[in-house]
Amino acid sequence: DVKVTQSSRYLVKRTGEKVFLECVQDMDHENMFWYRQDPGLGLRLIYFSYDVKMKEKGDIPEGYSVSREKKERFSLILESASTNQTSMYLCASSLGTGSNEQFFGPGTRLTVL
Amino acid sequence: GQNIDQPTEMTATEGAIVQINCTYQTSGFNGLFWYQQHAGEAPTFLSYNVLDGLEEKGRFSSFLSRSKGYSYLLLKELQMKDSASYLCAVNLNAGNMLTFGGGTRLMVKP
Numbered sequence: 103d104v105k106v107t108q109s110s111r112y113l114v115k116r117t118g119e120k121v122f123l124e125c126v127q128d129m130d131h132e133n134m135f136w137y138r139q140d141p142g143l144g145l146r147l148i149y150f151s152y153d154v155k156m157k158e159k160g161d162i163p164e165g166y167s168v169s170r171e172k173k174e175r176f177s178l179i180l181e182s183a184s185t186n187q188t189s190m191y192l193c194a195s196s197l198g199t200g201s202n203e204q205f206f207g208p209g210t211r212l213t214v215l
Numbered sequence: 468g469q470n471i472d473q474p475t476e477m478t479a480t481e482g483a484i485v486q487i488n489c490t491y492q493t494s495g496f497n498g499l500f501w502y503q504q505h506a507g508e509a510p511t512f513l514s515y516n517v518l519d520g521l522e523e524k525g526r527f528s529s530f531l532s533r534s535k536g537y538s539y540l541l542l543k544e545l546q547m548k549d550s551a552s553y554l555c556a557v558n559l560n561a562g563n564m565l566t567f568g569g570g571t572r573l574m575v576k577p
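Going down the list, the sequences are from chains A and B.
Take 103 as the starting number for the first sequence in the numbering used here and just add one per residue.
Take 468 as the starting number for the second sequence in the numbering used here and just add one per residue.
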């Protein structure tokens, strides 16, 4: 079974702090994604990566950056957290061929005070 | 822009059948996914349609009409554990990105 893990289930940070969210997948998937999920807005893509050191902006990249130094790990960085970044953050990965089914991690609920 | 619409909420009775609709208007199309998401949990894959027609998998079936930009998820013999959100997502091209609808929250009542 594909396993996608995220470093924290719950996180509380203060405005202006730098925040790192880590995601690791164990199935040698090419593609990795970061989404945020908010009530009424569904899942919105922040960034994705289709290879090590490669990244592409999604629909809402402002205020975020990403890092993919190793194939299995994809990090989301909030350079200076703000209250409007309070959300559920979901990481996903996909093989990169075939149906492109995405497998999701358990999510990190981030609260910025 | 991309537009994927699904009802926000639905209610159904245990043992019944429910159909959750999804319509899409997107710049490309390379398949449509349905995911199930229980509260506080990660979305999990239910079905994938790339050709027109019905795909059946146990109690769940998914239908696609590409010409109409329309899909539905059919849940039969509803159980209480089917109470969850159901997410429709379109793969826009042969690449990697999925665009999600807002999700439909299904409540199953006894």
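If you are wondering where the hints come from, they were derived from the structure by calculation, not from laboratory data.
Predicted model only: the values in this text are computed from it and were never measured.
Treat the hints with caution; some may be incorrect.
[Said to hold, decoys possible] Keeping only pairs whose Cα atoms sit at most 25 Å apart, straight-line, the calculated DMTMM-like set for lysine to aspartate or glutamate is:
{"hint": "1", "chain 1": "B", "residue 1": "K535", "chain 2": "A", "residue 2": "D130"}
{"hint": "2", "chain 1": "A", "residue 1": "K105", "chain 2": "A", "residue 2": "D130"}
{"hint": "3", "chain 1": "A", "residue 1": "K115", "chain 2": "B", "residue 2": "E508"}
{"hint": "4", "chain 1": "B", "residue 1": "K524", "chain 2": "A", "residue 2": "E203"}
{"hint": "5", "chain 1": "B", "residue 1": "K543", "chain 2": "A", "residue 2": "E203"}
{"hint": "6", "chain 1": "A", "residue 1": "K105", "chain 2": "B", "residue 2": "E508"}
Quick rundown of the hints versus the structure:
no. : hint               : in the structure
1   : B/K535 with A/D130 : 37 Å, violated
2   : A/K105 with A/D130 : 10 Å, holds
3   : A/K115 with B/E508 : 22 Å, holds
4   : B/K524 with A/E203 : 16 Å, holds
5   : B/K543 with A/E203 : 24 Å, holds
6   : A/K105 with B/E508 : 14 Å, holds
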